[in-house]
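Asks: Taken in order, these protein sequences are the chains called A and B. Sequential numbering from 1 applies to the first sequence in our numbering. Sequential numbering from 1 applies to the second sequence in our numbering.
These are computed hints drawn from the structure, not numbers from a lab. Everything numeric in this text was worked out from a predicted model, so none of it was measured. Please note: incorrect hints may appear among the correct ones.
[Stated by the list, open to error] For each label pair, taking beta carbons as the anchor points, the in silico distance ranges come out as:
| no. | chain 1 | residue 1 | chain 2 | residue 2 | range |
| --- | --- | --- | --- | --- | --- |
| 1 | A | Glu-295 | B | Glu-132 | 55 to 61 Å |
| 2 | B | Leu-256 | A | Arg-342 | 40 to 46 Å |
| 3 | B | Tyr-139 | A | Gln-228 | 27 to 33 Å |
| 4 | B | Arg-106 | A | Glu-230 | 48 to 54 Å |
| 5 | B | Arg-106 | A | Glu-239 | 34 to 40 Å |
[As the list claims (entries may be wrong)] To give an idea of the interface, some chain B residues facing chain A are shown, with a C-beta separation under 8 Å as derived from the structure:
| no. | residue |
| --- | --- |
| 6 | Ala-222 |
| 7 | Cys-223 |
| 8 | Ile-282 |
Don't be surprised by glycine CBs; every beta carbon is placed ideally from N, CA and C.
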Amino acid sequence: MDYNKVLALPAFGVNKEEKHRLFSEHLSELTAYHREHCPAYERYLSALGYAKNGKHAEEDIPMVPISVFKEMDLRSVPEEEVFKTITSSGTTGQKVSKIYLDSVTAANQQKTLYKIVADFTGGERLPFLIIDSPKVLKDRMMFSARGAGILGFSIFASEMVYALDENMNLNLEAIENFAKKHEGKKILLFGFTYMIWKHFYKELEKQDITLQLPEGMLIHGGGWKKLQAEAVDNVTFKECIQRRTGIDFISDYYGMAEQTGCIYMECEHGHLHVSTYSDILIRKAEDFSLCQNGEEGIIQVLSLLPESYPGHSILTEDRGVILGEDDCPCGRKGKYFSILGRVKHSETRGCSDTYEG
Amino acid sequence: MQGEIKADGWPTFDERVFDFLEDLTAAIRRDEECVGYPEIRAFGFWCRKTNLMEMKARMNYEPGKQYVGKGQVFHIAPSNVPVMFAYSLVLGLLAGNKNVVRLSTRCGEGDKQLCRVIEEVLAQEKCKEMREHIQIVQYERNDEISRRYINSSNACVFWGGDETVARMHTLIERPGITEVSFPDRYGLCILNAEALKEYLPEEMEHLAHRFYNDTYVMDQNACSSPRLVVWYGDLEADVLKETKERFWEALYKESLAYPLEEDKVCKKFSLLAASVMKHEGITKVQHYDNRLYVAEMETLPQQIEELEGRYGFFYEYTTSDLKQIGNAVGEKLQTITIAEMSEEALQPLLQHENAENLARVVAVGQALQMDMVWDKKNLIEELSKVF
């Protein structure tokens, strides 16, 4: 399978039938490839009864539960070919996912990210204001999701400035210089949702500062869990940021370390969009059968990107619902969906106390 | 909180405790809320006099000696085993003690209802003395508070597995405090394949129902809930296959009653994938929707306790040589549940040096049945003293 051929397709220009055909074919190839190169994955599929060299329809491609990347080192390339290891964000003491990239997959991730984001921003390099501190990229030992996000998006940067200082405080001087220098020009802002809320917006509020960035495009990701706790939803977030910065283009994205590169971006109608390079299915908990559009369930993500690790079909622990396909008013083809949060935690019975911090 | 109790307790199996339990049993039976909790009803049934007398008869009491409680016992109940706090409390009472029981702040609705009933019984005028013998407390994890309760008691009972036991143990400051601890344990199930082959459909259903009670009812996460099912016997391949299928199908039907939350499905599926990837001995996995997963093993791992299964995820292995099983068990094996297995057939496993902590062999369905002897410790003996 030549991923470059897939990459050449327009980011949101493939319709339902074409998508299904493309994915069934390529995912089957990827499955066979990973079976051959990753012994643990082969054991898994073999025990589950998947015939070798089977051709599967997209919806029948076996899934790997996302947490397995925390438990096992899953690699389809020899160790010496590992170019970069991405880890998922995690609090200290928690296991993190380890995603092994060779140089080909790493490059493909960048190219894919570029095509997706360019569809929203225009593709040219822009002045880039990072809503984070310079510290986030300094630890090169383990490449965290936050660092990966920033580096990934830096392909759009003509120059990079950090909005926060080493102590996570607003670097007003840097921000104001940046705003002044690029007054009237398109600029890109990026950061993790909660960081932006806590260290950027709330600080602007506290110090009663209003920035003038009407040409700004804010892309943010990382989830709403912490903001939910503060009763801040997407609508509120947008309103507040708009008020304090003048930014109109605010786009959330859904992504994960386990499938870096193929993110799902929010269009002007508030819909998260599935690009040509990945796909989403919603599964019922009872038996993993498919949900219809409009039916809530557990999100499965599929991607043609993962070649160095068997991450092309993953069952997440997020709940979601597909709103439609090919017919979003924004004009983009492909599915569009909503994330409803993490799968709800339930108490497990038993004698051993699991201390959940 | 008092200082160290120096006074002796009541005699063991005291009439006053019997009277209280009789009132409690009756109250539970009458209570409208408790009707909806089978585990509370089971507890009420367990507290009946005939059962208490049966336990007393099993004590090795020497004539002429007096057996009384040690004084005060502090209990740490496991956070997620319904009604367990009450069993621990009653055993402390039967041993003749005053009891302080820490109930987890994460306790379920059932436990709250049972506490209410206990309180209502204790509110009676005649229970004035008994009130001093029962204190149920709740507080967020707080080592300081636990430390004070522990060190003002004569004995402690720690449920909750290795982590809890280790933490509580470090809080004991005085020598002479009796510690009764329940660390991590696991269970195993052995089914006689030849006998089960002959089972009529109803018999298989009954067996599956009892097996469900040992497992799903506690998310398959009780220390005595089996994760590995051993098919004992030497049947022809297709006959064995059919027998197994009948059992698992019957269990699947039982599992339809299990509240299968999304969260549990994700965890179970994760356990399955990780397990299959790790254990090369797993050759085939059957899944009945997401309600029941069965991983067939061709070879056992070094230690059976490595096999993790929860929410209805079982491993199965066939052998007619239980010594093989013995080779793969360790000090954490506590309970074996059986169907149609003779004492004789079990000997190679029971006698195996690795099964040092094997505490009980019971029929399928009895895994969670509480007794005064648990994990080889006689709680009445531990919590009382002799003159």
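Asks: Give a verdict on every hint.
Replies: Consistency of the hints with the structure:
1. In this structure the supplied range 55 to 61 Å holds for Glu-295(A) paired with Glu-132(B), their Cβ-Cβ distance being about 58 Å.
2. Distance hint check for Leu-256(B) and Arg-342(A): the Cβ-Cβ separation is about 26 Å, which falls outside the suggested range of 40 to 46 Å.
3. Separation of Tyr-139(B) from Gln-228(A) is about 28 Å and conforms to the stated range, judged on CB atoms against 27 to 33 Å.
4. Distance hint check for Arg-106(B) and Glu-230(A): the Cβ-Cβ separation is about 24 Å, which falls outside the suggested range of 48 to 54 Å.
5. Between Arg-106(B) and Glu-239(A) the CB atoms are about 37 Å apart, so this pair conforms to the stated range of 34 to 40 Å.
6. Taking 8 Å as the C-beta contact cut-off toward chain A, the hint placing Ala-222(B) at the interface holds, the least distance being around 6 Å.
7. Among the interface hints, the one on Cys-223(B) holds; its C-beta lies about 4 Å from the nearest C-beta in chain A, closer than the 8 Å criterion.
8. For the restraint placing Ile-282(B) at the interface with chain A, the shortest Cβ-Cβ distance is roughly 5 Å, inside the 8 Å limit, so the hint holds.
Hint check: violations occur at hints 2 and 4; the rest are consistent with the structure.
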